[in-house]
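In case you want the letters, here they are:
Number of protein chains: 2
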Amino acid sequence: MGKSKRQLHLNVFIMNTGHHEASWRHKNTEPENITDIRYFQRIARIAEQAKFDSLFLADGLAVSQNIKHGAFVGLEPFTLLSALASVTEHIGLIGTVSTTYNEPFHVARKFASLDHISKGRAGWNIVTSGSSFEAHNFSKEAHLEHSKRYERAKEFLDVTTSLWDSWEDEALVIDRTSGIFADRSKVREINHISDTFKVRGPLNIPRSPQGYPVLVQAGSSEDGKEFAAQYAEAIFTAQQTLAEAQQFYADVKKRLAAYGRSPEQLKILPGICPIIGKTESEAKEKEQELNELTVPEYGLNQLSNMLNVDLFSYPLDGPLPELPSLSDINGNKSRFQLVVDLAKRENLTIRGLLHRLAGGRGHRTFAGTPIQIADQLEEWFLHGGSDGFNVMPPYLPAGLEEFAQFVIPELQRRGLFRTEYSGSTLRGHLGLPRPVNQYATAAASGAVSGAFQ
Amino acid sequence: MGKSKRQLHLNVFIMNTGHHEASWRHKNTEPENITDIRYFQRIARIAEQAKFDSLFLADGLAVSQNIKHGAFVGLEPFTLLSALASVTEHIGLIGTVSTTYNEPFHVARKFASLDHISKGRAGWNIVTSGSSFEAHNFSKEAHLEHSKRYERAKEFLDVTTSLWDSWEDEALVIDRTSGIFADRSKVREINHISDTFKVRGPLNIPRSPQGYPVLVQAGSSEDGKEFAAQYAEAIFTAQQTLAEAQQFYADVKKRLAAYGRSPEQLKILPGICPIIGKTESEAKEKEQELNELTVPEYGLNQLSNMLNVDLFSYPLDGPLPELPSLSDINGNKSRFQLVVDLAKRENLTIRGLLHRLAGGRGHRTFAGTPIQIADQLEEWFLHGGSDGFNVMPPYLPAGLEEFAQFVIPELQRRGLFRTEYSGSTLRGHLGLPRPVNQYATAAASGAVSGAFQ
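Protein sequences appear in the order of chains A and B. Its first residue numbered 300, the first sequence is counted upward by one per residue in our numbering. Its first residue numbered 300, the second sequence is counted upward by one per residue in our numbering.
FYI, nobody ran anything at the bench for these hints, they're computed from the structure. Computed from a prediction, not measured in an experiment: that's the story for all the values here. Please note that the accuracy of each hint is not assured.
The list treats identical chains as interchangeable, and a pair is accepted whether it falls inside one copy or across any two copies.
Restricting the straight-line Cα-Cα distance to at most 30 Å, the calculated cross-link-like pairs of lysine-lysine (DSSO-like) are [stated by the list, open to error]:
1) 497 x 367
2) 453 x 497
3) 524 x 367
4) 418 x 326
5) 453 x 439
6) 350 x 577
7) 367 x 418
8) 326 x 583
9) 583 x 367
10) 577 x 418
11) 552 x 350
Hey, can you work out the whole structure from these sequences and the hints?
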């Protein structure tokens, strides 16, 4: 059943106690366990049993300003994902790492290592760091301007992909008799030189099972979309309506041709925070219960940052004040626009907007029955809105268990989602090709000759 | 038995196929598996069953110049150790991370994460990077001069320890009823400002089970010893004779008082590469067999780098040429001196020196029966030469299995080594105190007040 049908790709976005900002106060969550690896290993196993393509962790390089009221602090992605790799066999493992305050050699190396450790399941959510809180932890006075961050990100990707290619797949000879361990003609310096990075290489780890980790991107600004079209193989994005999703989907897919890429080489996965009930009213009650656990101060802080305006001096039950223009935003530009549009479309008060954002921070929240949720996913998937979804359980682990128990089987019944894994790498799950080694290809055609020493 | 006796501390130093440079050509090794995590997980389990205090990984930030003939390439320490944490429960996990080409925020965060993931088993072997090959992977023209590297390392430690203390142990309140997740008065900015580092903090992960990872150091130069006396809780060192070991031991222990520390707060663990035979002659034959597998080109490369002189133009069976003076060495100064002394003491030809270094790169190699090896360890331990040992199996995993099967039980019979773990943290195994939080203490006495926001 469904063998020949186009298949949904599902990622589960794991965030400590869940995506709803008040989830840590909910009776079904375990905020005491957010630094306990066994808690995350349990979640990873649930997601793997449900046949998700991948799981994903967000990240930032400064403590959240909202830790007084929010459970947003905890383990670091590389160490966490490596520990998850040990207890899973199929599910992809996608970590967020910034190109702004890192060195490409370190990042290329750690992802290659994670890809070896997981036997081909690593993915990199490539982000730029856009807050002064992060800048101040890395000896910088201020954070980089938006377009400069993307320039650096592009060069960062050029360096890391070159480093991953600095070893040919056949470089390890391991001939005990002759005493030749590695064929040095297949291990190359990359000699990247610019004002930003001077990196000689080669990398100090052989090429990994997937060649490169799956390259993922989440920014949806103009710069972000162009970056995605050039490099990304999957996008985590946020849209509230099918029309917005269709527009984004068509826009990004169209940009790929300019980089010699085909539409299937980039999977677009909008976020959805599903609140699941046996009946629609049960689902709405769950949503209401979560929203009543929110602390307005927390949401106001977050929304004030998002909109670059201090909302504390305005009445909660009144409308939004006048807002800055998009060009004045040097943080997440696309999220700004989405929130402004949402408030306008639904004519929301500040409190109403806080509640609409509490579940997914701008990602779509949908409360309904498993059938209703499956209907929504199918509609977007079949009508040019997405290639799958970034599933953001409102609370963990129970919200993921409910999705696995009630929504996944419904999607499987409709022939839209796998019932077994057919491969064991993340590229395999997503139907993405293994990258060709740029140097090996050039060497075969005689274009390069300079091997390492 | 042996309850009241002073106990040996044993670390196993894991290096791909083993410490002997030709180990990858030996019939008992698995060079095909050096990027396979299951291989390392097997080794970690053997070490844990043998009750080792810890296992340890070396590291460098450039590919070895010797990969043509040596299996020195592979997984990255943080990802590797996190994957080992998942399959072990007691053994300490010590990773090498350089202070020269890293940011203190990243390093502090990853060690705190590894310490949480392993539930208190992380250790940091603090090194400085001393090769131009490394510099060229990190946008630097040349590597830092020796004393500058140590200045940076000291400041790096000041920043990381402050970051680990930026969260008090009781900062997470997690009060569902009031909606208070964290007590922000117990989460502090560190506001470190100098020409080298400007780091505001706080760290974005709560204080870990051990407070700090166990701080380990391996440099034995003057700068290295002084650094160790100030910060280190364990030293991996290399001495060839009991007299050298006694001198080093007394020298370093004496320096601790100047930093208000007692001798027990620093464990000194000389390296030993044990080649184990049922009889002494079987052990010597094993050593000979390994030495015959060496490729002279490989050893000459390594020794030329160590001594800062090109040895390729001198006859292998002749003496060492005239060497530069210690002050001209900007790499590993203490290893230079050790090798010069070894060649002189044993009146070695270049080939003879290559063979003496093939097993442990300057660490002591000893071939003998389990009884003879236990005698050697006991002699150094009881006569002021060490607090335990850094065990460097010549080949893996068999060399570790032999040590676990034949030498450990002999040490246990003598009441010198644990038969069961009595705790579950690395600090517990080593008898080291959990660091006091510098800010909590100051706050209790009224000396600081500036909490985070």
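Item checked: Homo-oligomer pair classification [residue 367, residue 583; C-alpha up to 30 Å] -> within (27 Å within a copy, 64 Å between copies)
Note to self: At most 30 Å between alpha carbons: which applies to residue 524 and residue 367, within, between, both or neither?
What the structure shows: neither (34 Å within a copy, 43 Å between copies)
Notebook entry, point to check: Between the shortest in-copy and the shortest cross-copy C-alpha distance, which are at most 30 Å for residue 453 and residue 497: within, between, both, or neither?
Noted result: both (15 Å within a copy, 26 Å between copies)
Note to self: For residue 350 and residue 577, with the copy left unspecified, which applies at a CA distance of at most 30 Å: within, between, both, or neither?
What the structure shows: So residue 350 and residue 577 pass the 30 Å test inside one copy only (23 Å; across, 52 Å).
Next item on the list: Can you give me the call for residue 577 and residue 418, within, between, both or neither, at a CA distance of at most 30 Å?
Entry: neither (39 Å within a copy, 39 Å between copies)
Next item on the list: Go through the copies and call it for residue 497 and residue 367: within, between, both or neither, with a Cα cutoff of 30 Å.
Entry: between (41 Å within a copy, 25 Å between copies)
Notebook entry, point to check: Using 30 Å as the alpha-carbon threshold, which applies to residue 326 and residue 583: within, between, both, or neither?
Noted result: Answer is within: at 17 Å inside a copy they meet the 30 Å cutoff, but 66 Å across does not.
Item checked: Alpha-carbon proximity context of residue 418 and residue 326, limit 30 Å -> between (37 Å within a copy, 26 Å between copies)
Notebook entry, point to check: Quick one: residue 552 to residue 350, C-alpha cut-off 30 Å, is that within a copy, between copies, both, or neither?
Noted result: within (26 Å within a copy, 56 Å between copies)
Checklist line | Homo-oligomer pair classification [residue 418, residue 367; C-alpha up to 30 Å] | finding: For residue 367 and residue 418, only the inter-copy Cα distance (25 Å) is at most 30 Å; the intra-copy one is 39 Å.
Notebook entry, point to check: Is the C-alpha distance from residue 453 to residue 439 at most 30 Å within one copy, between copies, in both cases, or in neither?
Noted result: both (20 Å within a copy, 21 Å between copies)
Hints 3 and 10 from the list above are not met by this structure, while the remaining hints are.
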